[in-house]
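Chemist: Take these sequences, add in the hints, and give me the full structure.
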Amino acid sequence: MTGSVWTIAIAAVLCLVAIGIYGLLILRNLIKIVVALQVFAKGTILIMVVAGGMAGKPAIGQSLAITVLVADTAITIVALALAIQVRRWCGTLDTRVISTLRR
Amino acid sequence: METSWLLPLTVFLPWAGALVVLAAGRAARLRIVLAIAFAAADAVLSLLLIPLASSRTGFSVTLGGAFGELSLLPDGFGVFLAAVAAVIGGLAVVFSVDYMRGEEGQGRYYALVLFFIGAMVGLVLSANLLMVVVFWEITALCSWLLISFHNDDPKAVAGGIKALIITGLGGVGLLAGSLAIYAQSGTFDIPTFMAQAHGFPPQLLAWIGFGFLAAAAAKSAQFPFQTWLPDAMEAPTPISALIHAATMVNAGVYLLARFYPAFSSVPGWTLAVVLVGAVSAFIAGLMAVVANDLKRALAWSTVSQLGFMVYAIGAGGIFQSQFHLLSHSVFKALLFLGAGAVIHTVGTRDMRQMGGLSKKMPLTCVVFVIGALALAGIPPVNGFWSKELLLEGGLQSGPFWAYVVMLVTAGLTALYALRCVWMVFFAPPQESHEAPGAHPVHDAGPAMKVALIPLALGSLATWLLAGPFHALLARTLPFHFGPGEVGPGASGTWQMVVEVVSAPSTWLALAVVAVGILAWVGRGVFAKMGAGLRPARRAAEAGFGFEAINRGIANAVQGAGEGLRATQTGVLNWNIAAIVMAVIAVLAALALGG
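Chains as they are written, first to last, in our numbering: chain A, 1 to 103; chain B, 1001 to 1594.
A portion of the hints provided could be inaccurate.
Which chain B residues stay away from chain A? Per the calculated CB distances, all over 10 Å, these [as the list claims (entries may be wrong)]:
hint	residue
1	Leu1006
2	Arg1026
3	Gly1102
4	Pro1191
5	Phe1200
6	Thr1227
7	His1442
8	Trp1494
9	Phe1546
10	Gly1570
11	Ala1577
12	Gly1593
Short, incomplete list of chain B residues facing chain A, as computed with Cβ under 7 Å [said to hold, decoys possible]:
hint	residue
13	Leu1572
14	Asn1573
15	Ile1576
16	Val1580
17	Met1581
Simulated from the structure, these hints should not be mistaken for lab results.
Note that beta-carbon positions come from the ideal geometry of N, C-alpha and C, so glycine has one too.
Modeler: Right, here's the structure in full:
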């Protein structure tokens, strides 16, 4: 593959990570936060594949990416389940309202 | 090296027992039978280990690259302390049958006691420093859980947390020292380290040595960490016996004795050890004299006697310190279990509300007096022989001022031992426990007797083991004892007797002990002329201000936490922002550094 493909891939990764972080910084709805986290995580998974390919060892990058995908899916399920419970008990998904550390 | 399965069995059998006891669920009788069976089996196993010490056996399992090997080595220290932990721990379990009758949570209680015994046996048998650290922290964990056993009592919970924090703080010194040893030599193996220690950079060796000293002082409740032990008295009394005689506090003395040859060349290390021992022995002796709580008085006496052992190690008397440890384990277990029998029936720990119990509890009185004689160092009980040997060794190779301090402390010991016996058993009886409707006072129960009588016989007899014990240590500890020092075996006991009786220091010490006894007999005179001593008394009752230091540190930590609370907004977005900024800072540092 040519170098320009890697450049495009890295640019895509940076975009995904930037969007994810931006979302985590400004969003207040728990479900949306989980979505932003997913975007961020997909960026990091992609960089594993890219890094493996650039180093000439694509198998390692791909197997790492698969491993992270599995763990990531489990975490997302737990996060969404928690969000459902938060909605049920607090009546809202707004992180500012459910934060009790300050009081 | 031959492999012996006896070693791991002795360590892990009590742990298996703990699980089985927990699994027994609600069957109270079965649970007690199982606990006693496992404790007794482990005591037998630990005694079977003793012949292994002379042979070249061991046990090791590879745990993977990062951890080295789980290796167990039966040398003199290991088999001796394992036997002390398992046998005295077993007697404490038997005693608990009567003491804990009708209490809630007995499954948890017996499981933790067995877990504690196994951890201590593992600690002393391990030949791998990392495993020593792991077992060290497990004993701290068990002591916390058992001190706070009555977890609905705020004082018990506070005492347990205090023990956990202070011993955990000391444990940092052990962990850091162990990691430094690994960084330097690439192995956690203790014999390898002992052989290489003199090739270490002196600066590094000094850090390791003082780290280990801090860990040992915290574990053995030595100055300046002594405050946790009296507060640990909120535990059920058999647990106090376990902590003081069998498992917990011996670990610090063991650590110092084990690594003495490696650190004895570090400038100031032996002096620091002598200082820690002498100061602890003296101030704890003073506090024991003014304590009115029976268990607190005994707790201070433990700190004081451990101070004797630490002092002996600093003066180079490895055998003397271990021999005194043996005597102390037996008579202190006896004293605590005797005190447990008294407290169990009287229902208070305040000695001022006891008195006159000698007629109502004749057996307890006899065994307690034997224990007190051993504590005071009066012949022919075991405490006399070990303390005289220890003082004689200290006079020969330690600093003279420390010897004088220890001699005065020996007098204090006689004074407070006599005071305890008098106040509990012979003082005019108090009305409170004779009032109608009060619980009738009765002598120790059958299970208590099973535990008390062997300990009383042991207090009378363990000094006969001096010769074989010295031979065992000398034969199996090449770093501590030169090839010429191998003891003559069983005949050594007679030599010791001759040596002790003919030494002038013995008679000096006995004279000081007599002064201590006279001070109690003539206390009325002292009380009149003692107005000048009142500030000293008040200072001793206040624990010499160490409590205030503890409180100050606790308050400072709490205040810092309150102050930093503002940074914890609880808003997720701020946390993310902080993480992003931290990542940027790290990347910037890397970019600038690269």
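Chemist: What hints, given by number in increasing order, does this structure fail?
Modeler: Violated hints: 10, 11 and 17; rest satisfied.
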